[in-house]
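Given the coordinates of chain A, assemble chain B onto it according to the supplied hints.
For the record, the sequence lines run as chains A and B.
In terms of my numbering, the first sequence opens at residue 1 and continues consecutively.
In terms of my numbering, the second sequence opens at residue 212 and continues consecutively.
What the hints contain is simulated information worked out from the structure, not anything from laboratory work.
Only true hints are included.
Rough simulated footprint, nothing fancy, chain B against chain A, three-plus residues with beta-carbon under 8 Å:
{"id": "1", "stretch": "62-76"}
{"id": "2", "stretch": "95-101"}
{"id": "3", "stretch": "160-166"}
{"id": "4", "stretch": "174-187"}
Cβ atoms here follow ideal geometry from the backbone N, Cα and C, with glycine treated the same way.
Listed below, chain by chain, are the residues.
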Amino acid sequence: MHSSAVPLERPDAPRPRTLTELYWAFTVLALQGFGGVLAVVQRELVEKKRWLTTEEFVEDWAVAQIMPGPNVVNLSVMLGDRYFGWRGAVAGLAGMLSMPLVVVILIAAFLENAADTVTGQGALRGMGAVAAGLIAATGLKLIPALRSNPMGQRQALGVVAVTFVLIALVRVPLAWVLLGVGTPACGLAWIGLKRMTTRGSASTSSKEAAS
Amino acid sequence: MTPFDRADWLTLLLHFISLSLLAVGGAITTTPDMHRFLVDSHHWLTNEQFVSSVALAQAAPGPNILFVALMGWNVGLNSVGGLGHGVASWVAGLTGMSLAMLGILLPSTTLTYFATRWGHRNRELRLVRAFKQGMAPIVVALLMATAWVLMMGDRVAPFNGRIVALAVVSMIIVWRTRVHLLWLLATGALAGALGLI
Numbered sequence: 001m002h003s004s005a006v007p008l009e010r011p012d013a014p015r016p017r018t019l020t021e022l023y024w025a026f027t028v029l030a031l032q033g034f035g036g037v038l039a040v041v042q043r044e045l046v047e048k049k050r051w052l053t054t055e056e057f058v059e060d061w062a063v064a065q066i067m068p069g070p071n072v073v074n075l076s077v078m079l080g081d082r083y084f085g086w087r088g089a090v091a092g093l094a095g096m097l098s099m100p101l102v103v104v105i106l107i108a109a110f111l112e113n114a115a116d117t118v119t120g121q122g123a124l125r126g127m128g129a130v131a132a133g134l135i136a137a138t139g140l141k142l143i144p145a146l147r148s149n150p151m152g153q154r155q156a157l158g159v160v161a162v163t164f165v166l167i168a169l170v171r172v173p174l175a176w177v178l179l180g181v182g183t184p185a186c187g188l189a190w191i192g193l194k195r196m197t198t199r200g201s202a203s204t205s206s207k208e209a210a211s
Numbered sequence: 212m213t214p215f216d217r218a219d220w221l222t223l224l225l226h227f228i229s230l231s232l233l234a235v236g237g238a239i240t241t242t243p244d245m246h247r248f249l250v251d252s253h254h255w256l257t258n259e260q261f262v263s264s265v266a267l268a269q270a271a272p273g274p275n276i277l278f279v280a281l282m283g284w285n286v287g288l289n290s291v292g293g294l295g296h297g298v299a300s301w302v303a304g305l306t307g308m309s310l311a312m313l314g315i316l317l318p319s320t321t322l323t324y325f326a327t328r329w330g331h332r333n334r335e336l337r338l339v340r341a342f343k344q345g346m347a348p349i350v351v352a353l354l355m356a357t358a359w360v361l362m363m364g365d366r367v368a369p370f371n372g373r374i375v376a377l378a379v380v381s382m383i384i385v386w387r388t389r390v391h392l393l394w395l396l397a398t399g400a401l402a403g404a405l406g407l408i
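Same shape as in the complex, but just chain A (with noise of 0.2 Å):
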């Protein structure tokens, strides 16, 4: 009845083939993830295999960071298991995981002072300098995805800002955020997705009449 107004999934959209294929695709953006994996994950899933359009990204990646757990951890589960059910939400969290476990003891076994010297010091203060512009980029670059939303887009932008106050200027506790401003964003979609779904029917019946 309403599902003319739902954004059905892309039924020939890019996809993994084989579990192998998953694993090595989450294998390969984890080891690119200096300092969070997030920016590439945007790059590689979003603009380069286009598994995800920018909005299935914004969504995936909003529940990802609102279960309990590391979000991109999250992430490679729910993606995995849509694809190949409970065998590719294990090679989703294998491929995230298992090269990076390797990498980061093999760094810690026989690296481990590297990190106290000057030098180790100041490499590390220049890329996190650049892995918080990726962070802010990769923001920047899902704000498009907002101006569909239910909500209305100028409703959404007011919701970011206030967000981002709270959190990076006043540093309130991110559960009080999500339970303060995400309800009523929430109620909002809801609201939002009432009426495209009522205008949504009565566009659809009115097509109907016309054919």
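Frame of chain A, contents of chain B only:
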């Protein structure tokens, strides 16, 4: 420190299990409690080992959750007296690593698996769609806020104008071009190593 018996390993596992579901917004939000438990109460880790586990995991490739793996690794090593005992050291280190990672990931990943399965099966429900769409602007803002906090520093790493400049330039390059991210990170590391940052 005496070698760990089974009860110690179990205590380590249970501690990370108990934190797993509390790690909303990333496991990094539970580090104060890990510090209290591993460093202050049990003396399984020194403060330096704790701090360098977090720093190293952030610098190394992969999810930042690997700091938990490094903590487990170091706890294991400390239990046999360091890396100097050959196979015994590696066995203890890898045991600590596996238990810590298993504990921090198993509950949260299981919950995510079943909850998002349910959500995906019911993705046409208005409730599910309203939740995802309502949260979307919030997670975009969380990204900006994370970048802001990393850029502007805190008590540990005070404000540094050159860090902000490098971050802003990287942001514009990533936003507007398709330069490979590794080049940017390498440039940042080089600039830092040369003392320019």
